[in-house]
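Visitor: Residue numbers (UniProt numbering), protein chains in the order written: chain G, 1 to 268; chain U, 1 to 259; chain F, 1 to 320.
Quick caveat, the hints were computed from the structure, so don't treat them as lab data. Treat the hints loosely; a few may be bogus.
Okay, the calculated bits of chain U under chain F, using three or more residues with CB under 8 Å as the criterion [as the list claims (entries may be wrong)]:
# : stretch
1 : 108-116
2 : 213-227
Some chain U residues well away from chain G (every beta-carbon gap over 12 Å; in silico) [claimed, not checked]:
#  : residue
3  : G13
4  : S31
5  : T39
6  : R52
7  : L66
8  : L74
9  : A90
10 : E93
11 : L124
12 : Y156
13 : V178
14 : T200
Stretches of chain F that chain U covers, calculated by requiring three or more beta carbons in the stretch to come under 8 Å of a beta carbon on chain U [stated by the list, open to error]:
#  : stretch
15 : 85-99
16 : 116-125
17 : 150-157
18 : 270-276
No residue lacks a Cβ here, since even glycine has one placed at the ideal position from N, Cα and C.
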Amino acid sequence: MTTPRVARRRAGDNPALLGLVGILAFAALLEVLPRAGVLPAEYLPPTSRIVSALLDEFGRGSFWQAVGGTITTWLLGLVIAVVAGIVLGIVIGSVPALRLATASTVEFLRPIPSVALLPLAVVLFSAPIRSILLLVVYASFWPVLIQVLHGVTDIDPVARETALSYRLDRWRRARYLVWPTTLPYVMTGIRLAASVALVLTITGELLIGGTKGIGERIAVAQSSITVPSMYALIVVSGLIGVLANVATRRAERLVLAWHPAVRREFPL
Amino acid sequence: MSRALGRAGLLLGLPVILLVTWWFASAGSKSFYQPPLETIIKVFPATWTAARFRSDVLPSLGRLFLGYGLAVLLGIVLGVLIGAHRRLRALVEPLLEFLRAIPPPVLVPILILVAGLGDPTKVLVIVSGGIWPVLLNTVEGVRGVDQVLADTCRTYRICGWLRMRTFILRAASPQIVVGARQALSISIIMMVIGELLGATNGLGYTVVQFQRGFEIPEMWSGVFVLGLLGVLLSLAFTLVERRVLSWYHGVRAAERSGR
Amino acid sequence: MLRTRFIALLAVTALAATTSACGSDDSSDAAPATGGADKVKVGVIPIVDVAPIYLGKAKGFFTKQNVDLSLEQAQGGAAIVPAVVSGQYQFGFSNVVSLMIGQSKNVPIKAVANGNNATADAAKDFSGLLVKDSAITRPKDLEGKTVASNTLKNIVDTSVKDLVRKDGGDPSKVKFVEIAFPDMAAALDANRVQAIFVVEPFLTSAKAKGWKQIGSFAAVSPSLQVAAYFTSQQLLGEKADLVKRFSAAMKESLAYADAHPDEVRQIVTTYTTIKAEAAAAMTLPKFAPDMDKTSLDTMSNLLVQEGLLAAPADTAKLFQ
Numbered sequence: 001m002t003t004p005r006v007a008r009r010r011a012g013d014n015p016a017l018l019g020l021v022g023i024l025a026f027a028a029l030l031e032v033l034p035r036a037g038v039l040p041a042e043y044l045p046p047t048s049r050i051v052s053a054l055l056d057e058f059g060r061g062s063f064w065q066a067v068g069g070t071i072t073t074w075l076l077g078l079v080i081a082v083v084a085g086i087v088l089g090i091v092i093g094s095v096p097a098l099r100l101a102t103a104s105t106v107e108f109l110r111p112i113p114s115v116a117l118l119p120l121a122v123v124l125f126s127a128p129i130r131s132i133l134l135l136v137v138y139a140s141f142w143p144v145l146i147q148v149l150h151g152v153t154d155i156d157p158v159a160r161e162t163a164l165s166y167r168l169d170r171w172r173r174a175r176y177l178v179w180p181t182t183l184p185y186v187m188t189g190i191r192l193a194a195s196v197a198l199v200l201t202i203t204g205e206l207l208i209g210g211t212k213g214i215g216e217r218i219a220v221a222q223s224s225i226t227v228p229s230m231y232a233l234i235v236v237s238g239l240i241g242v243l244a245n246v247a248t249r250r251a252e253r254l255v256l257a258w259h260p261a262v263r264r265e266f267p268l
Numbered sequence: 001m002s003r004a005l006g007r008a009g010l011l012l013g014l015p016v017i018l019l020v021t022w023w024f025a026s027a028g029s030k031s032f033y034q035p036p037l038e039t040i041i042k043v044f045p046a047t048w049t050a051a052r053f054r055s056d057v058l059p060s061l062g063r064l065f066l067g068y069g070l071a072v073l074l075g076i077v078l079g080v081l082i083g084a085h086r087r088l089r090a091l092v093e094p095l096l097e098f099l100r101a102i103p104p105p106v107l108v109p110i111l112i113l114v115a116g117l118g119d120p121t122k123v124l125v126i127v128s129g130g131i132w133p134v135l136l137n138t139v140e141g142v143r144g145v146d147q148v149l150a151d152t153c154r155t156y157r158i159c160g161w162l163r164m165r166t167f168i169l170r171a172a173s174p175q176i177v178v179g180a181r182q183a184l185s186i187s188i189i190m191m192v193i194g195e196l197l198g199a200t201n202g203l204g205y206t207v208v209q210f211q212r213g214f215e216i217p218e219m220w221s222g223v224f225v226l227g228l229l230g231v232l233l234s235l236a237f238t239l240v241e242r243r244v245l246s247w248y249h250g251v252r253a254a255e256r257s258g259r
Numbered sequence: 001m002l003r004t005r006f007i008a009l010l011a012v013t014a015l016a017a018t019t020s021a022c023g024s025d026d027s028s029d030a031a032p033a034t035g036g037a038d039k040v041k042v043g044v045i046p047i048v049d050v051a052p053i054y055l056g057k058a059k060g061f062f063t064k065q066n067v068d069l070s071l072e073q074a075q076g077g078a079a080i081v082p083a084v085v086s087g088q089y090q091f092g093f094s095n096v097v098s099l100m101i102g103q104s105k106n107v108p109i110k111a112v113a114n115g116n117n118a119t120a121d122a123a124k125d126f127s128g129l130l131v132k133d134s135a136i137t138r139p140k141d142l143e144g145k146t147v148a149s150n151t152l153k154n155i156v157d158t159s160v161k162d163l164v165r166k167d168g169g170d171p172s173k174v175k176f177v178e179i180a181f182p183d184m185a186a187a188l189d190a191n192r193v194q195a196i197f198v199v200e201p202f203l204t205s206a207k208a209k210g211w212k213q214i215g216s217f218a219a220v221s222p223s224l225q226v227a228a229y230f231t232s233q234q235l236l237g238e239k240a241d242l243v244k245r246f247s248a249a250m251k252e253s254l255a256y257a258d259a260h261p262d263e264v265r266q267i268v269t270t271y272t273t274i275k276a277e278a279a280a281a282m283t284l285p286k287f288a289p290d291m292d293k294t295s296l297d298t299m300s301n302l303l304v305q306e307g308l309l310a311a312p313a314d315t316a317k318l319f320q
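Chain G with its partners taken away, still in its complex shape (with noise of 0.2 Å):
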């Protein structure tokens, strides 16, 4: 915070560079507790065994199939979520009395866990892959809608009396005011609901299975004790969570490239 805001680039200040510097020594502390036998390296292999056998699933063609379909779930469910989060957040945030009127409802639905809804979402549906969908949106709508309706009403009180003066109509403000103010709101709320959606996606294909994905072959991995590939497995679904980070980086990168927060680190 001391140094100054202008972006001093030197080579150690690569942002990359440091996120793998950041993975890199995590990876080495699991290498080295288990090891020093600090945890039973029986239960939680060190890192080369888990790397070992993730290399080991590369070689496997079903491995893939399942990394596309856990994907495939998984940017469905969010892309839904994030859309109906969007849309119904500004159309709630904009109106004062749908707010109010909708707000016990939301603080209701959103703590009902999903193992919960499971029988539920399996009796719905006749494809197991419609039933995972359904955890996985509700699941990932939530954090989406609870941002943007933050984000709708922190506008700032000079910029919104700036764009009555100047009689900005209804769309103009919606664009050029609500919608600017949101979007940090709203980017937080991807990167939240991502998480989310990877992690319920994981979970319902574990539990409801018949999608073939990455978390059915935990549950495989885990009742075969093949301990390695268990963390193998659950290693890509934490790079999946990297990967999406970064490509809601980017995104914000180019979509918020005027905010403080983005404008600090990137100077234009």
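Given chain G's structure and the hints, the job is docking chains U and F onto it.
Guide: Then chains U and F, alone, in the frame of chain G:
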């Protein structure tokens, strides 16, 4: 007076409409997993007795408050640190994203080894889920502080704790509050997940036990309790938020009335 | 609730096109396939117990009965019963206690074929109650101790309680905690529990640590029927013939599996990632071709004793 009545009408209108619709839509339902609302309401008093509240709901609430409190505290502290230091953020962000995407159920064996089967594990599960919205929002809030204000602070040589309290935390607080609100419902969900592991009592344990025992109306009554818990906690949250963010709501309200 | 349905509806309409374009899972109804065979989905758990159905499929026993079988794996039974009741799957694999409890709550299901049984030898079963502490030598010693059970109020804790009672102990003094089979060894290793009840392949791997066995399913009752394949009353009413053919194929598969343990060990390595040498070392369950009425009644009486059932299950009606 009539305004208050209108407000109450707005607050209760939708839930009443939904319940009535549900009542009639589900009346006479033969589907095993979608019992009539009437049945669910009928089993409610016998299911959620005072004894059950003491034996199952109270222990759950204790774990919930502890886990939620820790999640918010850790989320804010780490969030301010990570948000304020660009290089630290670059260093840990991919790692945090990695950890965030790991489904909690698969971490069970590690949790058993590290924290055992008792309450610490269940609290840990709540923290592991509830921390992310607070952390992410705090980081973004701190990153997004106003440049002009930051420069002003520097000009006046405001630094250290004073700067943190009067500027950074305050500027980031609207977003921190969103995170804390998000974390509330996620903590309730994680409370249920945590009770799937080595549990012998608890609200989540009860609901899942009903589901496994094919006591579907009782299970739905448990879902009701979870939902009501969410509503109550969110009301309490709003009260606290009004105090903590009074300056913020004041600014926004002044702006609204001035329109 | 309604919101859920609404979102569900949203999800369906939005996805109807997309998912069917992906096309992998859409033809789920038991509609006759092009070859005239009935397409059937069976919900199973990826464990040794379901080897016969995989073997029967590989041997063509189901094709012979004009059943086009596809096997869907799920982690546990949580989703299988609702999936069968709703018709997502036509058949499912479940332990007999869940089925009996389901029947008592009027879940519209019916068992149509045997699943697997304990062996005849209490000391050499596919399941085992294991302890680490050498001071615990018999089930009675578990009084005041904590035992890991895969689910509570189900077949495992009921069996352990029966063993304690038969040994002259008080089962109400044993504490049970819920831990999934794969996580049990870690819990006992870390002394979080004093005893675990596991099935293969976890049993062999746990015994290799020198842990002592003091009980099993077979000790409750030799050849105890542990699980069954079941279907919904609806399918039974609409396609009684299909159910009959499935049962016949299943019966043939069970008999074949019981007679060919080497092929069972081999097929297990195809749908799990159990290594061949681990598969060779496992104790296999018994695969009786028919359901075991005696042991089902034994179990039903135990459930009544534990208060999990109000009255003995109508085993004759539930299990054909």
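Visitor: Hints first: check each against the structure and report whether it holds.
Guide: Hint by hint, here is what the structure shows:
| no. | hint | verdict |
| --- | --- | --- |
| 1 | 108-116 | holds (count 5) |
| 2 | 213-227 | holds (count 4) |
| 3 | G13 | violated, 6 Å |
| 4 | S31 | violated, 7 Å |
| 5 | T39 | holds, 15 Å |
| 6 | R52 | holds, 17 Å |
| 7 | L66 | holds, 17 Å |
| 8 | L74 | holds, 17 Å |
| 9 | A90 | violated, 4 Å |
| 10 | E93 | violated, 6 Å |
| 11 | L124 | holds, 16 Å |
| 12 | Y156 | holds, 15 Å |
| 13 | V178 | violated, 4 Å |
| 14 | T200 | holds, 18 Å |
| 15 | 85-99 | holds (count 3) |
| 16 | 116-125 | violated (count 0) |
| 17 | 150-157 | holds (count 4) |
| 18 | 270-276 | violated (count 0) |
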